[in-house]
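Novice: Once you've looked at the hints, go ahead and assemble the two chains, each given alone in its own frame, into the complex.
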Amino acid sequence: MNATTFQHDALLYRGAASLASRLVPWIEEGLRAEEPVHVVTTERNIDELRAGLGPSADDVEFVENTGWYRHPPTTIAAWHDAIREGTSGGARVRAVGEVVFHDEDQHAGWTRYESILNHVFAEDRAWVICPYDVGRLPGPIVDAARRTHPMVWNGARAASDRYTPPAGFLATMPEPLRPMPHGAVPFPKGLPSSQMREEVRVRASAAGWDSARTEDLVLVFTELLTNAERHAGEPGTASLWIDADRAVGEVRDGVGTPIDPLAGFSPPRPSQIGGAGLWIARRLSDWLGIEAVPGEATIVRFGISRPI
Amino acid sequence: MRTSGTDLGWHAAVRFGPDDARIDVVSRFFDDGLRAGQRIAYIGLDGVDLGRRSLEVGGHDPDELEETGRFVSADARQAYLPGGRFDVADRLRDYRALVAEALHDGFSGFRVAAEVPEELTDVPAPWASYEARADALAGAEPFSALCIYDGRIWDERSFGLIDALHGDTVSATGRNDRVVHVRARSGKLEIGGEIDAGNADAIRDPILSAVPDLRDPVIDLHELRFSDAAGTRMIADVAQEVERSFGRVEIRRAPRMFARVWNLMDLGVAAPGIRIEES
Chain A
785 MNATTFQHDA LLYRGAASLA SRLVPWIEEG LRAEEPVHVV TTERNIDELR AGLGPSADDV
845 EFVENTGWYR HPPTTIAAWH DAIREGTSGG ARVRAVGEVV FHDEDQHAGW TRYESILNHV
905 FAEDRAWVIC PYDVGRLPGP IVDAARRTHP MVWNGARAAS DRYTPPAGFL ATMPEPLRPM
965 PHGAVPFPKG LPSSQMREEV RVRASAAGWD SARTEDLVLV FTELLTNAER HAGEPGTASL
1025 WIDADRAVGE VRDGVGTPID PLAGFSPPRP SQIGGAGLWI ARRLSDWLGI EAVPGEATIV
1085 RFGISRPI
Chain B
328 MRTSGTDLGW HAAVRFGPDD ARIDVVSRFF DDGLRAGQRI AYIGLDGVDL GRRSLEVGGH
388 DPDELEETGR FVSADARQAY LPGGRFDVAD RLRDYRALVA EALHDGFSGF RVAAEVPEEL
448 TDVPAPWASY EARADALAGA EPFSALCIYD GRIWDERSFG LIDALHGDTV SATGRNDRVV
508 HVRARSGKLE IGGEIDAGNA DAIRDPILSA VPDLRDPVID LHELRFSDAA GTRMIADVAQ
568 EVERSFGRVE IRRAPRMFAR VWNLMDLGVA APGIRIEES
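So the protein lines, in turn, are chains A and B. For what it's worth, this note's numbering labels the leading residue of the first sequence as 785, then goes sequentially. For what it's worth, this note's numbering labels the leading residue of the second sequence as 328, then goes sequentially.
Excised from the complex, chain B in its bound form (with noise of 0.2 Å):
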């Protein structure tokens, strides 16, 4: 299990079944966050206790952070589902503002652990567009994130997109075996792991939503494995929603095979402004 080490920045998600794991991985969260000088927050489903027991794990006083505006919390229904209802950009703003929040009042940034409603299972495209959206906020302000998903809630077609959205994953065994991975996070994009016909419709949607908080025109593929027809056609997609958006795009550190694909493809005819550098 790791958490030790998490800079502003870090977008995680921690699944956790009937072993419940979250309180160790989300006092080391805490413990980083708290070291740096940032405000810390959870964000509860049946009440705070989680939060609260996890900085006394770490050997925190609760009631003495929060006199001191170092630790807040929230329910996580009034946070996400306000009158009943997800709204991918509301929700965005709010953590924006959490952070100019924080900033204001000396902290040198925003840390949050939020566990998930399992209502938004009812919403999978608009949750999805708002993981990747949060993971490029991550990149572009003082602000990390840990999302706590219930395994028991969320099916495994889920947790396929929820591992690939966030940029790093969480788990109580230690393993990552994510089959694929995008970050937004560093102001561009970076799609690593193995795209295919069983994954690239799924990642397609969240992905292009997070184009515009991009802060290059750029497609990082360093991290890339494989990449067949179907997601190499989902990266020129992506190439030309973000050409559109910032007029122009670099595809950057693309493996050979990627690059023998989309020319087999043609892409180049398609997307004719779209220019490839091999890694």
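Chain A on its own, in the form it takes in the complex (with noise of 0.2 Å):
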């Protein structure tokens, strides 16, 4: 088994007891090889796994699977720091996680994000199996998964034949532009970067946001017009829909640079000199769609709720 690489697996299994005739022997080979372990799954799951583990169950950081899984950009976040973590002593990593898809709407993009892990941690020394419970999971789903993880435990471990490096699978599957609502209001273009903000922080404060979500707004305009301008040469254009309860922002050139359909998924390296700015758009925006169209314009949309 390469303990060097990042290595992604699906498991398939029917009801908890399954799962944990599986993953126990595997925890229990990492605790040995004093490899720390992060299980992220179902109470059930871990009810069952805690059992099958007996007193080396202390020795594995579990948490509750639902918690996780609210949105893919924190999630890779989550999954960054427990790697790092855990691989600066030198060891490797073996990480369980169960994914939670939600609603039909979020099985798209909860399934890019497991084909998204590949890419952001290709250069890792972790082990992750994500198990996938056939029983409840819609079809289309677990059919995914063969395409998302280049090894599935269906009985034995096995590569699968249907797995696709993740430029390719986004390609097959890119997050949908969504629709901007009726009544968005554009800002001039070439709006100096300052009274732009100002200009996003009153149209914000009219529709009765609080500064700390005013300000993610905010941020989330500055870094795609950065981008805008940087790509094209010239400054973008913006426009903003905003009610008490979400903002819908778009940013769009006059160039239409394709963009990578991966940019902006993985956390910038501690010595990285610029590319931060999608991925904090990303992190701070419920959701964000890029569509190019070459010679034309790439059009970013985003949008953010008001906490409540």
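Just so you know, these hints were derived from the structure itself, not from any lab. Here the structure is a predicted model, which is why all the values come from computation and not from measurement. Check the hints yourself; a few may be wrong.
What the hints assert, rightly or not - Label-pair restraints from in silico Cβ distances: (1) A:848 - B:543: 44 to 54 Å; (2) B:543 - A:1056: 21 to 31 Å; (3) A:865 - B:480: 15 to 25 Å; (4) A:847 - B:575: 33 to 43 Å.
Claimed, not checked - Coverage of chain A stretches by chain B, computed from C-beta distances (three or more under 8 Å per stretch; other residues unrestricted): (5) 977 to 985; (6) 1001 to 1007; (7) 1056 to 1063.
From the three backbone atoms N, C-alpha and C, an ideal C-beta is built for every residue, glycine too.
Specialist: In structure tokens:
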């Protein structure tokens, strides 16, 4: 087994006992090798794994998965922290991550997340197993797991002949550009950045937003406008729709530079110069979609909700 | 227009255009210095008549002030560009010597109004470094300076940097519409206003050059209104330079948004020794 590179497996199972029978030996193997083990799964599965591991369970970090899988970029950041901390001593990290796919309108987003992990953690010494409860999950989600994981446990562990590297996979399942609500108000083109920010603050304040979430909105607009100008060589255009509960923003350049679908999903490296803007925009937005029409425009649209 | 109430440690820029408002500004600046028992100086580009006229507007006799050593003057090109060359360290050394001389002669400090030669537009990086370090000098010595820029020569981009690197700016309209400002005069670095990808790179090097002149390893952000990823990275770079110079650094009174961006960028990993105190 290769302990120096990232491994990302899907484990297809039916019921907690079946899962524990596969994972307990794998976790025990990791503990014997002094590899940190993180397990993020359902409460029921955690109970079953604890029972199977006995006293060794105390050496495992267990987290219930409903709180962990709420927003893909935030989940990536959490895994990034866990893997960095776990590998800081030189050991490989073993992790179990059972994704919560939420409602149907979020299925594609979490499937994209599974694919993106292969890119984000490609250089990390981690072995991640993602359990898929085939008795509960819709067929298309389980089917997609074979395309987003290089290895699949279905009985035995074997390479998936349907695995598609993330760039290719995301091309087949791009994040759709959600529609701009009717009544969005454009900002004057070429507005100095400080005046642009003030205009966002004025509109958010008029809609009743508090200053903390308003500053998130201001920051996302700033980062996306910086990117638009950097790519196109001239200021982009922006518009905003906002009410008391949510905002939808749009930034577009006049060039249509294709954007790497994986851009902005990897946490910035400590020494990295530039390239953090889209990461921040993804972290602070509820959703963010990008569409490039070559020669015409690259459109970035995002949604931010006001916390209740 | 505001120049009254200017204490030692004041380091400001004034820009003038065809409606030349310098005399009134310089006159008030000199009035403050004379009342405080400081030696005042005028460094002019085309003779020093403007300095003398500024004194006359304030009801002073330039000849009498000159005879008693309270007023001195010099040619700007000779002062800034001896031998046609601008050297940051030499110029700051000159000012330190002038301050020491004023104190030795019984004055409470040294105050200079100086017209900036257009030749310095050819060396923007050393000039910006000089201005940042002069601000630190104003904090370390009984010294204050009013830097006079011709708005017809220096472009708006340059003024963005000039305004940022002076603790105060004075304009004929009295407005202060600076986007970002940096002050080193208190012995610590104070970075305020809005920093983004449009101005972060321009102010990075001048600030870094002023780090050795600081008294305290502190970066105070209580006037920071906005900082994006580029601005936060710039402040992290400055903080690391302060840490290298002093062995430690504190970022004080940081707005919540700054700490949020810092954490989103994982800068705590890049600079583990940097402590951030939120406001």
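Novice: Does each hint hold? Answer for all of them.
Specialist: Outcome of the hint check:
1. A:848 - B:543: 44 to 54 Å: holds (46 Å)
2. B:543 - A:1056: 21 to 31 Å: holds (30 Å)
3. A:865 - B:480: 15 to 25 Å: violated (52 Å)
4. A:847 - B:575: 33 to 43 Å: holds (36 Å)
5. 977 to 985: holds (count 3)
6. 1001 to 1007: holds (count 4)
7. 1056 to 1063: Held - the region 1056 to 1063 of chain A has 5 residues with a Cβ nearer than 8 Å to chain B, which meets the minimum of three.
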